[in-house]
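Full structure from sequences and hints, please.
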Amino acid sequence: MTETASDTPRFYRARDGRLVAGVGVGLARHLGIDPVVTRLALLALGFGGIGIAVYLALVFFVPPQPATDDTEETDPESVRERKGRDISQLLAYLALAGGLGVLFLVFGGVFDPLLWFLVFGALGATILWQQANPALRDEWMSATVLRSRKSWVRTGAGVLLIVIGVIGFLAFQRQLHEARAGLTFALTILTGISLIAAPWIIGLVRERDKERRERIRNQERAELAAHIHDSVLHTLTLIQRRADDPREVQRLARVQERALRSWLYQRPADAETTVTPALERVAAEVEEVHGVPIEVVCVGDCPIDDGIHAALRAAREAMVNASKYAGTDAISVFGEVDPDEVLIFIRDRGEGFDLDAVPEDRMGVRGSIIGRMERHGGSARIRTAPGEGTEVQLRVPRSKE
Amino acid sequence: MEDENSTFASGAAIPRVVIVDDHRLFRSGVRGELGDAVDVIGEAGDVDSAVHVISDKQPDLVLLDVHLPGGGGVEVLRRVLSRHPEIRFLALSVSDAAEDVIGVVRGGARGYVTKTISGKELANAIVRVADGDAVFSPRLAGFVLDAFSATDAPPLDPELDRLTQREREVLRLIARGYAYKEVAKELFISVKTVETHVSSVLRKLQLSNRHELSRWATARKLV
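Heads up: the sequence lines are chains A and P, in that order.
Taking this note's numbering, I'd label the letters of the first sequence as residues 1 to 401.
Taking this note's numbering, I'd label the letters of the second sequence as residues 1 to 223.
If you are wondering where the hints come from, they were derived from the structure by calculation, not from laboratory data.
Do not take every clue at face value.
Covered stretches of chain A, as calculated for chain P (at least 3 residues, CB under 8 Å) [claimed, not checked]:
{"hint": "1", "region": "281-292"}
{"hint": "2", "region": "295-304"}
Residues of chain A clear of chain P, computed beta-carbon distances all greater than 10 Å [unchecked claim]:
{"hint": "3", "residue": "V20"}
{"hint": "4", "residue": "L40"}
{"hint": "5", "residue": "V54"}
{"hint": "6", "residue": "V59"}
{"hint": "7", "residue": "P64"}
{"hint": "8", "residue": "V159"}
{"hint": "9", "residue": "L195"}
{"hint": "10", "residue": "Q219"}
{"hint": "11", "residue": "A225"}
{"hint": "12", "residue": "V232"}
{"hint": "13", "residue": "H309"}
{"hint": "14", "residue": "F345"}
{"hint": "15", "residue": "R347"}
{"hint": "16", "residue": "R349"}
{"hint": "17", "residue": "G367"}
Ideal Cβ placement from N, Cα and C applies to all residues, glycine included.
Listed below in structure tokens is the structure:
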């Protein structure tokens with residue numbers, strides 16, 4: 001049980017040399033005292049009633065000692081105890097507990113107020129002693145923001161506790177039957193205890209929170225690594241293999257870029273019910289199939305109705321045409337939502353064509369674009385000439401809600 | 001985009017450029033793509049060295065990445081423009097987030113282009129900005145249209161808080177992918193007039209303190 005002034009071991013529930021859950025030994029190591037002291041203290045508190053609660057709380061709040069910490073243990077005596085619970089010691093403590101129990105039963109009940117005062121007086125003394133111990137002082141301070149003032153308050157509370165314990169003890173020797181005063185004292189003492197214990201418990205809770213955050217962060221990091229591996233690394237491998245096909249390389253890169261973007265900036269759940277995301281999705285799908293980059297710019301947004309749905313279908317057709325026939329390497333799509341109508345422009349700088357020369361039976365432009373728009377009360381205009389690229393303009397009125 | 005070359009042939013001196021981007025690979029890529037069109041006189045990879053290099057070399061134009069270690073492109077703009085207001089900035093970013101785009105333009109950049117831009121288009125944009133014009137990508141034009149129409153509230157300063165009909169038309173055409181020359185042809189105006197309109201929009205964007213602008217940009221974090 002060596003004790004260093006600067007470095008207090010953390011409070012862990014000990015794995016080695018424990019009797020029940022390792023709280024006693026852990027506390028003793030933390031305080032730098034013999035485990036017998038802490039065990040006896042816990043036992044005594046147990047008869048006061050609160051000891052059991054304190055023990056259970058410690059089991060719950062204090063993290064078990066990490067398995068790797070074992071190397072620190074150099075005390076040859078404890079090596080024997082390392083493998084688990086020491087049965088003979090446990091039996092000794094149980095016998096002691098039993099004996100004390102019989103004693104208290106003989107003396108008239110476990111809830112004798114006198115006992116409470118003794119116990120709390122001792123607790124106050126312990127607090128004061130801790131304050132005086134340099135190894136623990138820095139431990140206390142690290143858990144608090146206000147340094148010296150808090151420590152003074154704590155010292156004061158410890159003194160108060162002892163005073164109350166002593167006065168109470170004396171008072172109760174004379175008037176044991178005045179239950180009212182007893183309640184007042186018990187209340188005062190409980191307040192004192194919570195004052196003293198609060199910073200420490202808060203510290204423990206904070207520590208737990210920190211650990212939980214750390215765990216979540218690690219989880220996220222693992223998830224990110226997995227995602228990068230499944231998507232980006234995979235695509236990079238594909239790109240290396242297809243390095244001789246620039247079109248395919250570009251397509252792969254664009255697909256990956258889009259996937260990564262949508263993963264990074266996740267859209268809200270109702271994303272596909274309005275114009276902007278729908279138009280972007282249409283463009284992405286066409287681009288994925290035909291490999292020509294499509295830039296989408298949208299101004300304003302509104303829910304999709306039947307007419308807009310048709311316009312989106314027509315826009316898809318226009319994008320497909322531009323990708324297939326224009327022979328260009330970029331297509332611009334602009335969507336604009338006005339108060340009364342929705343406009344979509346699909347423009348390429350490709351070859352263009354002579355609109356009048358398109359045979360009547362070519363369904364692409366006339367059927368899927370112009371016809372579809374007109375059926376929904378909209379219109380489609382196609383501006384093109386050989387060598388000047390093509391722009392398809394779609395216009396559809398918004399339905400009035 | 002061969003039709004954007006008008007300013008190119010004007011015989012102006014080749015602009016001296018500093019490239020600020022935290023990816024070394026990207027800087028050398030841009031340097032290679034630009035070739036002889038511009039004179040790259042310096043590079044920097046973070047805010048502090050960027051401010052240092054720019055103050056030291058006094059370039060005509062800075063090609064500025066939006067995301068930089070040490071405070072981002074906006075910080076470079078803030079620190080350089082206070083002392084050297086004559087230096088022009090063209091923002092360059094992979095981010096299409098409205099917040100970034102509007103932020104850097106309001107910070108003083110005279111244009112914004114995405115990193116997917118071709119070398120030739122980039123060289124054109126650089127020459128244009130170095131000449132004192134503004135460069136709007138279709139995306140930026142869309143943002144501006146959106147931002148200025150985002151509210152029904154009456155403008156505090158009609159001069160700054162509202163776009164004219166003509167400016168809207170120009171922006172809409174740019175958003176549709178039209179080059180300045182094509183915009184001019186479409187609206188029966190000169191390229192110079194188009195440039196004037198775009199510069200005026202840029203001025204409004206930078207000077208309007210309508211809080212809707214920033215609020216709109218924050219609300220629309222992504223595109």
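Taking the hints in turn, this is what the structure says about them:
For a cut-off of 8 Å, the count of residues in the region 281-292 of chain A with a CB near a CB of chain P stands at 0, and the three-residue condition is violated. With 5 residues bearing a CB less than 8 Å from a CB of chain P, the region 295-304 of chain A meets the requirement of three and the coverage assertion stands. At roughly 53 Å from the closest C-beta of chain P, the C-beta of A/V20 stays outside 10 Å, upholding its exclusion from the interface. Residue-level check passed: A/L40 sits 59 Å from the nearest beta carbon of chain P, beyond 10 Å.
No beta-carbon of chain P is positioned within 10 Å of the beta-carbon of A/V54; the least distance is around 50 Å. At the 10 Å boundary, the C-beta of A/V59 stays outside the reach of chain P, the nearest C-beta of that chain being 46 Å off. With a minimum CB-CB distance of about 41 Å to chain P, A/P64 clears the 10 Å threshold, and the non-interface call stands. Its beta-carbon lying about 53 Å from the closest one in chain P, A/V159 satisfies the requirement of being farther than 10 Å from that chain.
Interface exclusion of A/L195 from chain P stands, the closest Cβ pair being 45 Å apart, more than 10 Å. Every CB of chain P is more than 10 Å from the CB of A/Q219 (nearest about 24 Å), matching its label as outside the interface. Distance check for A/A225 against chain P: the nearest CB is about 21 Å away, which clears 10 Å, and the non-interface claim stands. No beta-carbon of chain P comes within 10 Å of the beta-carbon of A/V232; the shortest separation is about 15 Å.
Non-interface call for A/H309 relative to chain P: holds, since the shortest CB-CB distance, roughly 22 Å, exceeds 10 Å. Once the 10 Å rule is applied to beta carbons, A/F345 is inconsistent with being away from chain P; the minimum gap is 5 Å. For A/R347, the non-interface assignment is contradicted: its Cβ lies about 5 Å from the closest Cβ of chain P, within the 10 Å cut-off. Some Cβ of chain P comes within 10 Å of the Cβ of A/R349; the nearest lies about 8 Å off, and the non-interface call is violated.
Distance to chain P confirms A/G367 as a non-interface residue, since its nearest Cβ pair spans about 25 Å, more than 10 Å.
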